[in-house]
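A.B. asks: Each chain is listed here by its residues.
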Amino acid sequence: MTGVYLEGRSWLHRLPAWIKLVSLAAMSMLLFPVTDLGLLLGALAVTLGIYASLGRSALAALTALRPVFLLLVCLLLFHLALGSLASGLVMLLRLVCLVLLASVVSLTTRLDDMIDALAPVLRPAELLGLSRRRLALAIALVLRFAPQLAGAGRQLGEAYRARTGRGGGLRLVAPLALQALNTADHVAEAIAARGGVDPLAGDPAPLTRRPE
Amino acid sequence: MSKTMTADRSLVHIAIYAAMIGALGLLPPFSLPMLGGVPITAQTLGVMLAGTMLGPGRGALAVLLFLFVVALGMPLLAGGRGGLGVFAGPSVGFLVGWPIGAFVCGLMMRAMRAASTFTAALVSAFVGGILVMYAFGIPGLSLMTDLTLGQAAFGVLIYLPGDTLKVFATAVIVRAVERGRPDAVLTRQ
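From first to last, the protein sequence lines are chains C and X. Taking numbering that gives the first Met the number 0, the leading residue of the first sequence gets 0, the next gets one more, and so forth. Taking numbering that gives the first Met the number 0, the leading residue of the second sequence gets 0, the next gets one more, and so forth.
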C-alpha cells in the first residue's frame with residue numbers, strides 16, 4: 000500500500016528527515032501559544048507558500064485533508080454559537096497551520112527515512128528487547144495485512160448483502176476477527192518454520208513501500 | 000497466559016491486531032439510523048478488541064504499533080487519514096487515549112476472570128473504551144480548540160451512541176471468538 004508520501008525531488012524532499020521533524024516540533028511549539036490573528040495569518044501564508052513551492056501535486060494533496068477541515072469548521076461554528084468569533088478563528092487558523100505543517104513533512108519524507116530519523120527515539124525500546132528487526136517485521140506485517148483484512152471485510156460485507164439485502168455493519172467484525180486470527184497463526188507458523196524472527200540474521204531487508 | 004505464546008507468536012499477534020485496527024478504518028463507515036445518519040467507523044472497536052482479547056501489554060502495544068505506522072505516513076486512520084498531521088488535529092487526545100484505553104481494557108478483563116466472558120468484556124470495553132478514551136479525548140479537544148472542558152464534553156456527546164454500540168459489539172465479538180477459538184482470547188487463559 001502506498002502512504003501519503005508524494006514522489007518528488009523538491010528542496011523539502013532533499014532535506015534530511017530529522018531536520019524536518021525537529022523543525023516541525025519547534026514550529027508547533029512556537030505556534031501553539033500564539034493568539035494574535037495577524038501572526039497566525041502570516042504563519043498560514045508561509046505554510047501555504049511551502050506547499051506552493053512543492054508544485055501542483057502538493058497543493059492537490061491538500062484535498063486529502065478535507066475531513067479535518069470539515070471538523071474544524073464544525074468547531075468554528077461551535078465557537079460562534081458560544082459567541083466568540085475571534086477565539087474561534089484563532090483556534091481554526093492555528094490548527095490549520097499545525098495540521099498543514101505536520102502533513103507536509105509526511106508528504107515529503109519516505110517511510111524508510113522516517114524510521115531512520117526516529118531510530119534515536121526508539122532506542123529505549125531497543126534496550127527493552129525490541130530489536131530493529133522485530134520492529135521492521137511488525138511494520139511490514141501491518142502494511143501487508145491491513146489492506147488484505149480490509150478486502151476480506153469487504154467480501155464478508157458483499158456476501159452478507161447478497162444473502163440478506165442489507166449491509167452487515169458490526170456483524171461482520173467477529174468473522175473478520177476469526178480470519179485475522181487464522182492469518183496470524185499461518186504467519187507465526189511460517190516464521191517458526193524459518194527458525195524464528197531473530198535467527199533470520201544477515202542484512203535486514205529494506206523496508207520499502209510495497210505496491211499492492 | 001498461554002504457555003505456547005512465544006515471543007515471535009506474540010509479535011505476530013500484535014501486528015495482526017494493529018492491521019485489524021487499520022482494516023476496520025478502511026471499511027466504509029456505517030451510519031446509525033437512530034442518530035440521523037451520523038457516520039461511525041469501527042476503528043475504536045478494534046482498539047477495544049485488542050485490549051480485551053490480547054490483554055493489557057500486548058493490546059497497548061498493538062495500538063501503539065498502529066499509531067506508529069499511521070505517524071510514518073500510512074493512511075490507515077478512518078477516512079484514509081495518515082501522516083503526522085493527524086497528531087496535530089483536534090482529536091489528538093483520543094489518539095493518546097487509545098493505547099491507554101486498550102491497556103485498561105486488558106487489565107479489567109484480567110481482573111474479572113470470575114465473571115462471564117460477555118459481562119467481563121462489556122464492563123472492560125466500557126471503562127477502557129469510553130471512560131478512559133474520553134478522559135483523554137475531552138481535555139485534548141479542549142486544549143487544542145480553546146473550548147472549556149464542559150463545552151468539549153458536550154461536543155463529544157455526539158460520539159457516545161456509536162461508542163456505546165461498539166462496547167456491546169466488543170462483548171458479542173469476544174464471546175463469539177471465544178466459542179470459535181478459545182485459545183485466541185488470551186485474557187481468559
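Please keep in mind that the hints were generated in silico from the structure rather than gathered at the bench. Here the structure is a predicted model, which is why all the values come from computation and not from measurement. Yeah, the Cβ is synthetic: ideal placement off N, Cα and C, and Gly gets one too. Check each hint, because a few of them may be wrong.
As the list claims (entries may be wrong) - Computed Cβ-Cβ distance ranges for the label pairs, DEER-style:
1) X:153 - C:66: 39 to 45 Å
2) X:79 - C:123: 16 to 22 Å
3) X:28 - C:54: 39 to 45 Å
4) C:29 - X:157: 30 to 36 Å
5) X:153 - C:139: 28 to 34 Å
6) C:162 - X:180: 19 to 25 Å
7) C:162 - X:4: 35 to 41 Å
8) X:112 - C:45: 53 to 59 Å
As the list claims (entries may be wrong) - Short, incomplete list of chain X residues facing chain C, as computed with Cβ under 7 Å:
9) 72
10) 75
11) 82
12) 84
13) 126
14) 142
15) 148
16) 177
17) 179
18) 180
19) 183
20) 185
A.B. asks: Would you mind marking each hint as holding or not holding in the structure?
C.D. replies: Do the hints match the structure? See the list:
1. A C-beta distance of roughly 21 Å is found between residue 153 (chain X) and residue 66 (chain C), which places it outside the suggested range of 39 to 45 Å.
2. In this structure, residue 79 (chain X) and residue 123 (chain C) break the distance hint of 16 to 22 Å, their C-beta atoms being roughly 32 Å apart.
3. Taking the beta carbon of each, residue 28 (chain X) and residue 54 (chain C) are about 32 Å apart, not inside 39 to 45 Å as hinted.
4. Between residue 29 (chain C) and residue 157 (chain X), the C-beta spacing of about 33 Å keeps the proposed range 30 to 36 Å intact.
5. One distance hint, 28 to 34 Å for the beta-carbon pair residue 153 (chain X) and residue 139 (chain C), is violated here, with the actual separation near 42 Å.
6. The beta-carbon spacing between residue 162 (chain C) and residue 180 (chain X), approximately 23 Å, falls within the hinted interval of 19 to 25 Å.
7. Checked against the hint of 35 to 41 Å, the C-beta distance between residue 162 (chain C) and residue 4 (chain X) comes to roughly 36 Å, which is consistent with it.
8. At roughly 56 Å, the beta carbons of residue 112 (chain X) and residue 45 (chain C) sit within the given window of 53 to 59 Å.
9. Satisfaction of the interface hint for residue 72 (chain X) is found here, the shortest Cβ-Cβ separation to chain C being roughly 4 Å, below the 7 Å cut-off.
10. The closest approach between the C-beta of residue 75 (chain X) and any C-beta of chain C is roughly 6 Å, which is under the 7 Å cut-off, so the hint is satisfied.
11. Taken as an interface hint, residue 82 (chain X) checks out: its beta carbon lies about 3 Å from the nearest beta carbon of chain C, inside 7 Å.
12. Restraint check, residue 84 (chain X) versus chain C: the minimum CB separation of about 4 Å is within 7 Å; hint holds.
13. Residue-level restraint check for residue 126 (chain X) is violated (minimum Cβ-Cβ distance to chain C is 20 Å; threshold 7 Å).
14. Below 7 Å, beta-carbon pairs count as interface contacts, and residue 142 (chain X) has none with chain C, the closest being about 9 Å; its hint is therefore violated.
15. Because the beta carbon of residue 148 (chain X) sits about 14 Å from the nearest beta carbon in chain C, more than 7 Å, this interface hint is broken.
16. Because the smallest distance between the Cβ of residue 177 (chain X) and any Cβ of chain C comes to about 10 Å, over 7 Å, the interface hint for this residue is violated.
17. For residue 179 (chain X), the shortest C-beta to C-beta distance to chain C is roughly 5 Å, which falls under 7 Å, so the interface hint holds.
18. Taken as an interface hint, residue 180 (chain X) checks out: its beta carbon lies about 6 Å from the nearest beta carbon of chain C, inside 7 Å.
19. A least Cβ separation of about 5 Å between residue 183 (chain X) and chain C falls short of the 7 Å threshold, and the interface hint therefore holds.
20. Checking residue 185 (chain X) against chain C by beta carbon gives a least distance of about 11 Å; that is not within 7 Å, so the hint is violated.
This entry does not satisfy hints 1, 2, 3, 5, 13, 14, 15, 16, 20, going by the numbered hints stated previously.
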